[in-house]
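Asks: Here the protein sequences line up with chains S and U, keeping their order. For the first sequence, counting from 1, position 48 maps to 48 in the numbering used here; every step adds exactly one. For the second sequence, counting from 1, position 3 maps to 1003 in the numbering used here; every step adds exactly one.
Keep in mind the hints are simulated off the structure, nothing from the lab. Just to be clear, a hint being listed does not mean it is correct.
To be verified - A partial selection of chain U residues facing chain S, derived with a Cβ cut-off under 8 Å:
#, residue
1, Pro1084
2, Trp1085
3, Ala1089
4, Pro1095
Said to hold, decoys possible - Residues from chain U that keep clear of chain S, each with C-beta distances beyond 12 Å, as calculated:
#, residue
5, Pro1080
6, Thr1081
7, Phe1122
Given the structure is predicted, the values throughout are model-derived calculations rather than measurements. Quick reminder that beta carbons are idealized off the backbone N, C-alpha and C, glycines included.
Listed below, chain by chain, are the residues.
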Amino acid sequence: MNERALRIGLPVLVLALGLLAWDLVVRVFAIPPFVLPSPGLVLGTLIADWGLLWQSLLVTLATTFEGFLLAAIGGIGLAVLFSQSRLIEYSLYPYAVILQVTPIVAIAPLLLIYLPQPLAVLACAWIVAFFPVLANTTLGLSSVDHNLIALFELYKASRWQVLWNLKLPSALPQMLAGLRIAGGLSLIGAVVAEIAAGSAGAGSGLAYRIAESGYRLNIPRMFAALLLLSLAGIAIFFALSALSHLALRRWHESAVKREI
Amino acid sequence: MNPSGTDIVSLRNVGKTFDSGTVALDGLSLAVRDGEFVSLLGPSGCGKSTALRIIAGLSAPSTGAVEGPAGKIGFVFQEPTLMPWADVAANVQLPLRLAYADDTQSRAAVVQALERVGLADFANAFPRELSGGMKMRASIARALVTGPQLLLMDEPFAALDEITRFKLNNDLLTLWQALRRTVIFVTHSVFESVYLSQRIVLMTPRPGRVFTEILIPAPYPRDERFRTSPEYAGYCRQVAEALAKAMGGAP
Chain S
1 MNERALRIGL
11 PVLVLALGLL
21 AWDLVVRVFA
31 IPPFVLPSPG
41 LVLGTLIADW
51 GLLWQSLLVT
61 LATTFEGFLL
71 AAIGGIGLAV
81 LFSQSRLIEY
91 SLYPYAVILQ
101 VTPIVAIAPL
111 LLIYLPQPLA
121 VLACAWIVAF
131 FPVLANTTLG
141 LSSVDHNLIA
151 LFELYKASRW
161 QVLWNLKLPS
171 ALPQMLAGLR
181 IAGGLSLIGA
191 VVAEIAAGSA
201 GAGSGLAYRI
211 AESGYRLNIP
221 RMFAALLLLS
231 LAGIAIFFAL
241 SALSHLALRR
251 WHESAVKREI
Chain U
1001 MNPSGTDIVS
1011 LRNVGKTFDS
1021 GTVALDGLSL
1031 AVRDGEFVSL
1041 LGPSGCGKST
1051 ALRIIAGLSA
1061 PSTGAVEGPA
1071 GKIGFVFQEP
1081 TLMPWADVAA
1091 NVQLPLRLAY
1101 ADDTQSRAAV
1111 VQALERVGLA
1121 DFANAFPREL
1131 SGGMKMRASI
1141 ARALVTGPQL
1151 LLMDEPFAAL
1161 DEITRFKLNN
1171 DLLTLWQALR
1181 RTVIFVTHSV
1191 FESVYLSQRI
1201 VLMTPRPGRV
1211 FTEILIPAPY
1221 PRDERFRTSP
1231 EYAGYCRQVA
1241 EALAKAMGGA
1251 P
C-alpha cells in the first residue's frame, strides 16, 4: 500500500470506527436523542434542516470571509507600514500584541454594546485573524537576503521597487503561512462573536443556531450545525493550503517535492 | 589587454571602522587602471570585501577618499544571490528593470548575457533547479547585462568545487578578453589569483591595507597549460611567500 493511500485511508478508517462506536453506545445504552443523538439522527437532522442551516452557514461564511479579507489587508498593510517606518512600528506594535493576547470572548460583549451586531461580529473575526498575518509578514519582510538588498541598492532601486520587487515576493511564504492560520481564526472569531451575541442578537449565523438549539434542547441540530462548522473550517484550510501551494510550487522549498 | 593607463577607480588612505569598533581598513591606497584584471588577495577578515563594497558605493569609507568609478558597475557576490521566485531570465533582467529600461531591448540584452555565460538554454529555469556553478553563471550574466565598465567580484567561486571553479576561471578570462572590462577580483586563493590576474594586491590582516603588489606578466590567453606550467608554480610560490610575510609570521 502506498503512502498516499495510507494517508487518506487511515483517517477514514478511524472516522468509520468512531462513528460505529458512537452509534453502538447510543443503541446499547438507549441514550435519548436530547442527551446524545446517534450519528444517523445528526445526518438526518442535517438533511431535514438543510434550508435553515445552509442559510446560517452562508451568513457565518460571509462574516468569516469578510473578516479574513480585512485581516489580510490590515495585517499585510500594517506589516508593510512597519517595514517602512521604525517609528510607526515602535508606536503600534505593542497594541497589536495587546489586541492579540486579550481573549476575544472577553472583548466580544463590549464590541456588541458599541457596534451594530453584524459589524461587531466582523470586528471580532478581524481582531482574531489579523495578528498572525501581521506577525508572519513582518518576519518575512525583515528576513530578506542582505546581499539582494545590497544588489538593489547597487542598481539604485527606489524604496517602492525594493518593496514590490524584493521584499514582498521574499516575504510571500511567511505571508501565506500567516493567511493560512488567519483563515481558521477568522471562522473562530465569527463564531465567538455570534455566541456572545446569543439570543440577544438578531443574527442568524451557524453559531447562533447552535446557541439557539441549545436553549431549545434541540441537540441533534446542535450537532448538525457543529458538523457544518467543522466542514467549513476544513474547506477554508484546504483552500488556503492550495493557494499557498500554487503560489510557491515553482520556487519555495516548502512546496517543492523532494526527489530522492 | 594593455591597461590604457587611466585609473578607473582609486582609493587614497581609505579607512573603515564599523559601529562595533572593528577597524576593517586602515590607510588603504589602491588604483586600478581601465581594462585591468586585479585581484585583492588576503586572509579571511582582512577587509577585502569591505574594500570592494566601498568601491561599489555600498559602504562609505570612514576616512580617506574614493575616486570613481564613473561608469556602470557589475557586482558578483560570494553567493549567487538570485531571487528564488524568479526564473533565470527575470533574475538577469533585474538591473535593467530597476532602471526602467525598454522591455524588448532588455530581453535582447538578457539573451546575449546568458549566451556569454553559456546559460542560453536555462533562461526559464528557476535558481533552485540549477547547480552551484550554473547559479554563479547566472549571477555573472546579471552583472554583465548592463554592460558595466567595472566588474567587482567578491570571492565568487569560493563555494564551488575545484572542477567547476577551474571551468569558471577559464570562462571568466575568456569573457574578460572578449569584453575588455576592468575586473577587481577578491579571493583568498593564491592559485586562483595568480591564474587570473595581471596584478595581485596583497593585503595585511585586519586592519587591512596594501602590503605589496605583485605583477603576473604571463601572457593571455591563459589555459590549462599555463595552470600546469613551472612558470605558474613559480608565481604561486612567490605570491605565497609574500602572503606569509603579509600575515606577519602569524600561524
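Asks: Look at each hint and say if it fits the structure.
Replies: Against the structure, the hints:
| no. | hint | in the structure |
| --- | --- | --- |
| 1 | Pro1084 | 5 Å, holds |
| 2 | Trp1085 | 5 Å, holds |
| 3 | Ala1089 | 14 Å, violated |
| 4 | Pro1095 | 5 Å, holds |
| 5 | Pro1080 | 9 Å, violated |
| 6 | Thr1081 | 4 Å, violated |
| 7 | Phe1122 | 14 Å, holds |
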